[in-house]
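All chains, please: the whole structure from these sequences, using the hints.
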Amino acid sequence: MKVAVYTIALNEAANAERWANSAVDADYRIVADTGSTDDTVERLTSMGVTVHRIAVRPWRFDDARNAAMALIPADVDVCCTMDMDRFLEPGWRAKLEAAWTPETTALYCQTIYRASVDDPTPLRSWPAKNFHHRWGYRFNRPVHEALVFTGEREVTANSSDIVMFEVQDLTKPTRSSYLPLMEVAHKENPDDAQICFWLGRDLMWANQQERAVPLLERYLALPTSKWAEERSEAMRYIARMLPEQRLSWLDKARMEAPHRREIWLDLAEEFHGKSDWLNLFWACTNGIEKTHRTGSYLDDANCWGFRLYDLGAIASWHLNAMDRAVEWGQKALELDRANQRLTNNLSFFHRRWGEIQSESVKRQIRSELFSRISQKPVKLLQVGANNGSLLYDAIIDFDWSAILVEPVPYIFDELKRRYDGRSNIQLLNVAIHPDEDRKRIPFYEVKKMEYPPTPWYHGLSSFDRKTILSHSDFIPGLDDLISEIVIEARTIYSVIEEFKVDEINFLMVDAEGYDATIVRSFPFDRLHPSLVIFEGKHVPGEELEITEKLLTKAGYHWVPMQDWENNIYAISRQIMSDDEARFVGNLIAQKS
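Under numbering that gives the first Met the number 0, the first residue of the sequence shown is numbered 0, with each subsequent residue one higher.
I should point out that these hints are in silico values taken from the structure, not numbers from a laboratory.
Quick caveat: nothing in here was measured; it's all calculated off a predicted structure.
It cannot be assumed that every hint is accurate.
Only pairs whose alpha carbons sit at most 25 Å apart, straight line, appear in this in silico PhoX-like list of lysine-lysine [what the hints assert, rightly or not]: (1) 273 x 289; (2) 375 x 361; (3) 465 x 273; (4) 375 x 499; (5) 225 x 128; (6) 499 x 273; (7) 465 x 499.
If you want it as C-alpha cells, here you go:
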C-alpha cells in the first residue's frame, strides 16, 4: 500500500514543520502552495516535502484542493487530506493499514480540536472522512468544500484509533474571504442545506440580519435539513436576531434538540431578563442535567462554564429554595474562582439560608418587643415607610399612633390608600435629611412596576444611586430602571416640631445607606424610644461603630439581627434587662 498525505498551503510557516513531521510515515507528502510570501515553501522542502507552486484564479477552495489531488502520483493507493493546522497522532500508518481493505474507498478517523498544541485537553471531536482512495473523489463547493465520491459505489469504514488533531490558527485572515465564496456556493446550489446554514450564520455575524433570517428559515424548510443539532442552532440564531420572537424560536430549538445545553442556557438568559424566576429555575434545572457535550462543531464552550449554575442559584433564591441556591452558587464559584460577584452572591445565599432557619426565632423576638412597647400607648416614627405593609398588622393590632414618612410619590400614594380614614396616622411625602430642611433636593427612585422582580424592589430608592445599583446582581437591567426626581427633605427635628410630638416609643429607619446617619440625627436628649430598628446593610463599619457608641451611651442594648439587611435592634434598657439582651444576642448568633 502506498499512502500520500496532501494539502494546500498559504503562509503556513508556523505550522509547516509540525505538519511534515506528523506525516513522515507517508510515502508521499505533497503540498500545493497557492502563493506564500513567508518561508513556508523553504521549510517544507527542507523536510523532504514535495511542494508545487500553483495559482487559482478566481480563488475557490475546491479548485485548489482538486489541483493538489491531481499532483498525487498515480501509484498511490490511499490519500490523506490534512490541512496545515492539523497533525496526525504517531502510529497512524500501521492503524491505517489494519483498517483499510481492498473494498474500502474512504475511511473516517477521529478529529480532535485543541485550543493549543501544548494543551492536550480535547475541546470537541468528530469523525471526518480524511482518508480516501486515489481515484473516484473530488472536492465540491468553493468554500466549506466537501470531499464527494464520483464513482459507482462508495464503501466507507471507520477507525477511531487513528487520530488527527486540529489547532486552528485564528490569526489568519482567510475567513474574510468566506462570505463572498459562500454567496457563490449558494448561487450554484440553492438547495445545499449546509451552505444555506453557513451563509445565514456568516451573514448574522456580519450584522446583515435582514438577509440572514430568510436564509436560515429557508435552511429549516429544505428537505435535506435533517440534523437536529444544526437545526436547533439555526433556530437559536433566528431567536438572537428577532428579539420580539425570541422565546418562540428558543422553544422550537428546545423541542428540536432538548439534549443540547446551549438551548437551555439561552432560555435561562431570556427568563432572567424577564424576571420569570419559576421558568428560569426550570430552564437551569434542565440545562444542568445535560452533562455530556454533543462533540459537534456547534458545541459552545461558554455553556459549560459557571453561568447556568449562577442563574439557577439566583432563581432558587427568588423562589426561596435556599438549599439549592447555596448548592448551585457554590458550583458556579468553583467554575470561576476569581469572580467576586459569585463570591458575594454565595455569601448572601448562605446568610439567607441561615435567616430562613432562624426566622421563627426572630419573629418571636420582634413579637415580644412589640408587646412590651405596647404596654402603654405607642407613637411610631417610621422613616422610609414604603407602602406601609411592613408594620401594618402591628399598627392595627396594637392600635399604634404613627408618623409615616415616605419620599417616593407613587409609593406614597399606596401608603395613603392603605391608611385612608385612620385619624391616628400622619403621613408625610418627604425625605428625611440629617442636617437641614430643603424644599427641593435630588433623589433617585426606581421605576414603578406592576410585577417587581423582587419583593423589596420598590424599597430601593435613595439619595445615593450607587447604593441602589449594589443590587444589580439580582435585578437585571437595574441601571435603566433608576430615574432622578426632585423631592422635599425635612429633618427629624422639624417633623417632631410640626406634629408637636412629646413622645416617640418606636423609631424605625429604612433609608438605603443613610439609616445610621438619620438615627444619629434623632434628638435622644429629648426623646427616648423604647425600640429603635434600622437597616445596617449599606452602612460602613466605622459608621456603625459610631452609632453603636451613641446608642449605648443613650441607654440601649445593641442587638444585630444577623440577617440580609443587617437590621440593628437598639432596645432600651427600660424594657429589656442586661441578662435578657445577652440571651437574645446569643440565641440569634446560634440560629444564624
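Right, here's what the structure says about each hint:
With a C-alpha separation of about 24 Å, the suggested pairing of residue 273 with residue 289 holds against the 25 Å cut-off. Taking the CA atoms of residue 375 and residue 361, the gap is about 23 Å. The hint holds against a cut of 25 Å. As the CA atoms of residue 465 and residue 273 are separated by approximately 23 Å, the hinted pair is consistent with the 25 Å bound. The hinted pair formed by residue 375 and residue 499 meets the criterion: a straight-line CA distance of about 19 Å does not exceed 25 Å.
Taking the CA atoms of residue 225 and residue 128, the gap is about 20 Å. The hint holds against a cut of 25 Å. The hinted pair formed by residue 499 and residue 273 fails the criterion: a straight-line CA distance of about 48 Å is larger than 25 Å. Restraint check for residue 465 and residue 499: not satisfied, since their Cα atoms lie roughly 36 Å apart, outside the 25 Å limit.
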